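Undergrad: Got chain A; can you put chain B on it based on the hints?
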Amino acid sequence: MIARSALEALTQSPLRLLRSAWPWRSLAYLLLSVIPGAFIISVGWLGGQLMGTVGPTLAGFTVVIVATPVINAFERLRLKLVDRSPALPRVRGSLIRRLRDSDAWREFAHALVAMLALWWIDLLVLAVALGVPGTFLTAPFQPNGTGPVATVLFTLAGFLLIPVAAYPLTAWAGARAAMSRAILGSQDELARSRARLMGAFELERRRIERDLHDGAQQRLVALSMKLGLAKLSADVNSPLYKEIDEAHEQAKLALSDLRELIRGVHPQVLSGRGLAAAVRDAAGRSPVPVTVDLPSTRLDEAAEVTAYYVVTEALANVAKHSGAQRAWVSGEVSKGLLRLEIGDDGVGGADPAAGSGLTGLADRISTLDGQFSVSSPAGGPTVVRVELPCSA
Amino acid sequence: MLRIVLAEDAVLLREGLVGLLERFGSQVVAAVADAEALIAAATELEPDIVVTDVRMPPSFTDEGLRAALTLRQTRPSLPVLVLSQYVEQTYASELLNSGRHAGTGYLLKDRIGEVTEFAEAVRTVAAGGTVIDPEVVRQLLEQQRGPLQRLTPREHEVLGLMAEGRSNAAISRALVVTEAAVAKHIASILSKLDLPPDQDDHRRVLAVLAYLRGQ
Chain A
85 MIARSALEAL
95 TQSPLRLLRS
105 AWPWRSLAYL
115 LLSVIPGAFI
125 ISVGWLGGQL
135 MGTVGPTLAG
145 FTVVIVATPV
155 INAFERLRLK
165 LVDRSPALPR
175 VRGSLIRRLR
185 DSDAWREFAH
195 ALVAMLALWW
205 IDLLVLAVAL
215 GVPGTFLTAP
225 FQPNGTGPVA
235 TVLFTLAGFL
245 LIPVAAYPLT
255 AWAGARAAMS
265 RAILGSQDEL
275 ARSRARLMGA
285 FELERRRIER
295 DLHDGAQQRL
305 VALSMKLGLA
315 KLSADVNSPL
325 YKEIDEAHEQ
335 AKLALSDLRE
345 LIRGVHPQVL
355 SGRGLAAAVR
365 DAAGRSPVPV
375 TVDLPSTRLD
385 EAAEVTAYYV
395 VTEALANVAK
405 HSGAQRAWVS
415 GEVSKGLLRL
425 EIGDDGVGGA
435 DPAAGSGLTG
445 LADRISTLDG
455 QFSVSSPAGG
465 PTVVRVELPC
475 SA
Chain B
144 MLRIVLAEDA
154 VLLREGLVGL
164 LERFGSQVVA
174 AVADAEALIA
184 AATELEPDIV
194 VTDVRMPPSF
204 TDEGLRAALT
214 LRQTRPSLPV
224 LVLSQYVEQT
234 YASELLNSGR
244 HAGTGYLLKD
254 RIGEVTEFAE
264 AVRTVAAGGT
274 VIDPEVVRQL
284 LEQQRGPLQR
294 LTPREHEVLG
304 LMAEGRSNAA
314 ISRALVVTEA
324 AVAKHIASIL
334 SKLDLPPDQD
344 DHRRVLAVLA
354 YLRGQ
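As they're listed, the protein sequences go chains A and B. So the number in the working numbering is just where the residue sits in the first sequence, counting from 1, plus 84. So the number in the working numbering is just where the residue sits in the second sequence, counting from 1, plus 143.
The hints are simulated quantities; they were obtained by calculation from the structure and are not laboratory data.
Think about it this way: if two alpha-carbon atoms lie no more than 20 Å apart in a straight line, the pair counts; the simulated EDC-like pairs of lysine to aspartate or glutamate are:
| no. | chain 1 | residue 1 | chain 2 | residue 2 |
| --- | --- | --- | --- | --- |
| 1 | A | K315 | B | E165 |
| 2 | B | K335 | B | E298 |
| 3 | A | K326 | B | E257 |
| 4 | A | K315 | B | E263 |
| 5 | A | K315 | B | E260 |
| 6 | A | K310 | B | D152 |
All figures in this text were calculated on a predicted structure; none of them were measured in a lab.
Isolated chain A (complex conformation) (with noise of 0.2 Å):
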């Protein structure tokens, strides 16, 4: 197992670990706690100066709430040193917004504690896991010596500590950093990465439909018009005729078959045109009318396509459960939220929770951060409705 961090390293077999940069990487960690510590000492000295009694204090927390930005920038990247995980997300947007979020908040804490505790405890850990050997080796240096004898072994003792001294150095700044990355990096990291997984999934997807729509399809509409010209020069009555005119038919059945599988795949009108376009298309194509009122902004990706498949699932389940006479599909934006409504005056009494299509839109929807709810009393209506995060 190669180690992703400290932590893990410690893990392994002594004599990998010592061979190891994960030690040293830890020293150097460790010792980078020189800088802040310097730092909110000369501001708290620079504040005693100009403020007197209170001033250090004052000082200190008004350069740890200026300065918390620059504060955990430089915590992160010293966590590289550690830490070779992906980066750790940094927080965005105005400074309002900032602060309405928790992530504000654990940003500014994080920043005192490290401003307040984390660089000299740091600096102690260093200095007593160092110290130790440090002392033994330099025994037959120090007045007061206590014999020969004792002072051999003394340095001996003092050489057979200093590999012993990378574990606590490795261990504290594995668990520091540990730390560190667990207030720093948001607390929905795991649905971050969730999100950027389904974002890379769709991406594939566009993909997929840009090489049949470039390549199969171009080939298989050329084919069939070679077909349609070969028809011409060839006698109707004739053999040939016939066994060309069959050929033609398949290849118009293949590429109709083509259609309706690139359609599935990614809709172009989506992209285009974005999503209330997109789902009048698909409300066009629904057996059952289907009223759309939808505002015509452009979103984000992400909550275009998310949105996308709710409504065209909604719609197929309204198609083949419902037995409605009529549909409808509204929705507003408003302060970065798509509100969707899918309703329908059929028979309800449609489960999520049955293995329908819902679940795995439930679980789209998730990924989002949005919210999602079916009611669905016997007897109908059935309204399902969605509210996704956005940016317009």
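TA: Chain B only, in chain A's frame:
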């Protein structure tokens, strides 16, 4: 002889289309591979008709259609035939709305295979007519209820063919009935749908399409 500007990014298909159109006696004055070149060629050469793929580089969404709409802004009477990989009502609507009095065609690429009909469609559009893919019409007819339910099955068929842009003569050939019978069906359809009777094929098609699109 029709002078055509053709835009299609797939080489195979572009060259095939040039061959096909020239075989049916048209002249392809420019065959281009992207929307920018289409606008340049159509502006400079003033063709009788523009035939374009919907989707072209660089973003592969609907450049061809947008280019056609742009061209219509400077020359509203420009006949345009748009070829699409699959039916999008949105695209059909935008195209129909952009040129009320110009020849307009919206066809699936599949239809190119029916070479004779395709060549005929190009001529119809160039002459100022409307040609709408049967698939578009089928979708439009499927989702409509209400007054359409009062039509007889035969009237339904006639309405579909009308919406595709067929003339009375073409409809009578397709259904193997007399033109007089077709005219009677059409009169009945227009009255059931509360549409004004109109002798002009083209205006009638637009009225029927507008009705079906719920406008």
